[in-house]
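Novice: Based on the sequences and whatever the hints tell you, model everything.
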Amino acid sequence: MAAPAAPPNILTAVLGKAVGWARTRSMWPASFGLACCAIEMMATGAAHNDLARFGMEVFRASPRQADLMIVAGRVSQKMAPVLRQVYDQMAEPKWVISMGACASTGGMFNNYALVQGVDQVVPVDVYVPGCPPGPQGLIHGILTLQNRISAGEYAIR
Amino acid sequence: MSKPPDSVTGDTEAPPTGAEQAPPESPGDQGRAKRRVVHDLWLSGTEAPVDTGRFTDEGAQEMLLEEEAAVLAGQRGTLVVDDYAAGVEPSTEQTQIVNMGPQHPATHGVLRLQVELDGETIRRVKPIIGYLHTGMERTGEALTFMQGPTNVTRMDYLSPFHNELAFSLAVERLLGLEIPPRAQAIRVLMTELNRVASHLLWAATTGLDLGALSMMIYGWREREAVLAFFEKTTGLRMNHNYIRPGGVAADLPDGWEEDVAAIEETVLAGLADYEGLLMENPIFIERTHGVGVITPEECLAYGVTGPLARASGIDFDLRKAFPYSGIEQYEFDVPTTEHGDVYDRFIVRFEEIRQSLRIARQVAETMPLGDYRSEDRKVTPPPRARLDQSMEALIHHFKIFTEGFKVPAGEVYEAVESPRGELGMYLVSSGGAKPWRLHVRGPSFANVQALPVMLTGSLIADTISALASVDPVMGDVDR
Amino acid sequence: MTTEPTEIRSPGPPYDDLASRFDSAEFEVSHGQVVVRVPREDLVGFVDAAKDAGFRMFIDLCGVDYLDRDPRFEVVVNLLSLEPPRRIRILVGVPGDDPTAPSITGVFPGADFYERETFDLFGIEFEGHPDLTRILLPDDWVGFPLRKDAPIGSVPVQFKGSNKVS
Amino acid sequence: MLSAYLPIALMFILVVGFAGVSMVLSRALAPHNPTPEKLDPYECGIVPLQEPVQRFPVKFYLVAMLFVVFDIEIVFLFAWAARFSDLGWYGIGAVGIFTLLLVETLVYVWKRGALDWNVPQRTRYRQVVAVDMSKEAA
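Residue numbers (the working numbering), protein chains in the order written: chain A, 6 to 162; chain B, 1003 to 1481; chain C, 1231 to 1396; chain D, 146 to 283.
Just so you know, these hints were derived from the structure itself, not from any lab.
Using N, Cα and C, we set each Cβ at its ideal position, and we do this for glycine too.
Incorrect hints may have been included.
Stated by the list, open to error - Some chain D residues judged to face chain B by a derived CB distance under 7 angstroms, without partners named: (1) Cys189; (2) Ile191; (3) Val192; (4) Arg200; (5) Lys204.
Specialist: Structure (structure tokens):
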């Protein structure tokens, strides 16, 4: 992981805030649409309730150019290593939103096939509840993440 | 080609896949050990607990450089000999095997296509699926019949109503339950509007794949109108759990006729825009004519149904052949075209949107009055108000929601025409409150299997449009 | 619209013709649908005859585990004839100790994925299948999850008394 | 005479300056953490097992060369376009001969078939159209 941030001091406080602010203004999500939540993620990206207001309307397919991974849908045992590989190939600073009940806790499918909670594979920053969470729910999750980043909580990434 | 699984561990020894075989412990063994362990949580910001990234190799399921003739024919899609299968002559160039893998913008979900490329042209294709396998058929056996629709509706997440309808029809046929006409009409209305919403999403994402970005914005704009009506009626935009064995969960909200009329007006206006935008556009025509062709014989052999089969000239629609839920009283026609390429699939699906809207209008005009679920209180819970008046209603309510209603033993196969083809439910009941076996025949499962037929010999750009025109929904494929 | 050759060879509806040619097949009607129970050896022959008799579209093939019934497993094949629209469901008993069945990919190439899925989830091997490997589960998976004696594999949930899921 | 070159020099400094500053700033501020997974080629999430093939079919190099030929042609046209009005007919004559030569190479290349990516799949469609797709052909 990135080197731990220096303790906040008067000299870099403003720079830290500026960096935190800059990082949230245009976070490009890596399109990791898996199941039903992916449909709601696309609906959030489309015209009606628009992600372009936060500078996030372009879903980068390749992890190299993505800052935020929205795990939208149920993660099966076969998909977990792929998810981990894509997460590893993303450049720091990177964040993860676990969208929906299936991604956060395995949801209603407590059986052999699903990874019960994607936080066993990647570190999750914001969990969005719902099955599937509506576009408003996802946008609320994104805003929560942005506020915490610009407040400097995740600056160490 | 792959050695049969040895009887004790049932583990198929992965044949050498071009990479040097790891000494005694193949990645598969480590993978199994690592996967079954429930790892502790990885708190954000801390050191990574374990390295699971290395085990994406699927051993025997992957494509090999040299394959036997039978497997090669399957991957080249030349199994069905009909009069216009163009033979793909083996090239002398050095080819490479590339992954259009699980995380890919154009595979409409987590479908992994292994393609052997000769420059830009595709020599053979092997679809690898299972990346969204949720064990739903196993979960179906653990839930009662009452809870079944919640599990089933998450399979084909673009047409949840069709899943629920197929499940409910199968259970009702086993029960021999009569459904009041109003419930049947509501079911037809909801499934046809669901077909419109699913085709709109398909048009949006396929347009996006072909480069028509505005198509994505338009498609979703109309779809939101339909989803608003679904949310108003069922309470949810998706995964509604609205069509249940015995009828529907709630009656239509008042003023629903105006909503359906408004939907029809916006969607028809939108449809005129799409056809103006796409159908005469020379670039679009060049990108879709003669791409992803599948012939009627291949549709029959591979079990490809729905708009794909109708675009190849097979005039077959389950709503006409095996009418269900009272759909035979509405007239609509079944669009078919001849050439079976991507352009024809656009024609067929746009026409199907018009026909579904036509059915919705007829349902709105002739909606019968009466109860929206069957009177048999063994299956459908009594109205809430009755609970504190009659002891019997309380007992029925209690029994239905605790152990669920019992379905007589037997097996039945019930199919509905989903936007992607024939969605069938094979339900075996052992007389208990939970299904003994629930097999779902997903239309996309057969359509994805026919991909080698459509993609072999075409360019990569054609693959994107052909794959988008098949409209595979991975929840339907992997279940 | 796929019309067949004009003269339909079987006099009566295709079922009687099939019944006459395969005396080992027992026909029954369950819930208004024609179901045929065929011994394992005649499966490929019967499917071929059904294809000639008009059931030209392959629809579905799946496995069922009846656990304590004598032929423990069952392979269910679903065929469809387009014109006149008719279905037929073929049931094949497969004993538990020798879970193998003949593969019908020779007659219908569409059965390839379905047979791999049935092998993957039930462990029923199909002889003659070109590439019988797992399809839905990771390749190094041990065990066949849809068998009745396989655990559902659920993770115990934190709150008390919740892990009664079998 | 020297002052004529001042705007170009200023422009050059600005360009190099902007590029340099953005390179240095991103190098200094952004976290730099090359893990082995990041250095692997990205294959849609699959861990690559074998090295990707380096040799590409000759068609790709052919297209590259054709591009270079016609691109240089445009570069030469720039010089003529800058002084278009002064050169008058003499200029048009010279450029005309030059362009005619290149059009001749374009026709030659087109006839030899270097431009079409012979796609067998499309022949299948022509057969479909040629065969009278009436009902009994299905």
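Novice: It remains to establish, for every hint, whether it holds in the given structure.
Specialist: These are the hints, each one checked on the structure:
| no. | hint | verdict |
| --- | --- | --- |
| 1 | Cys189 | holds (2 angstroms) |
| 2 | Ile191 | holds (5 angstroms) |
| 3 | Val192 | holds (5 angstroms) |
| 4 | Arg200 | holds (5 angstroms) |
| 5 | Lys204 | holds (6 angstroms) |
Comparing the model with each earlier hint shows no violations; every hint is respected.
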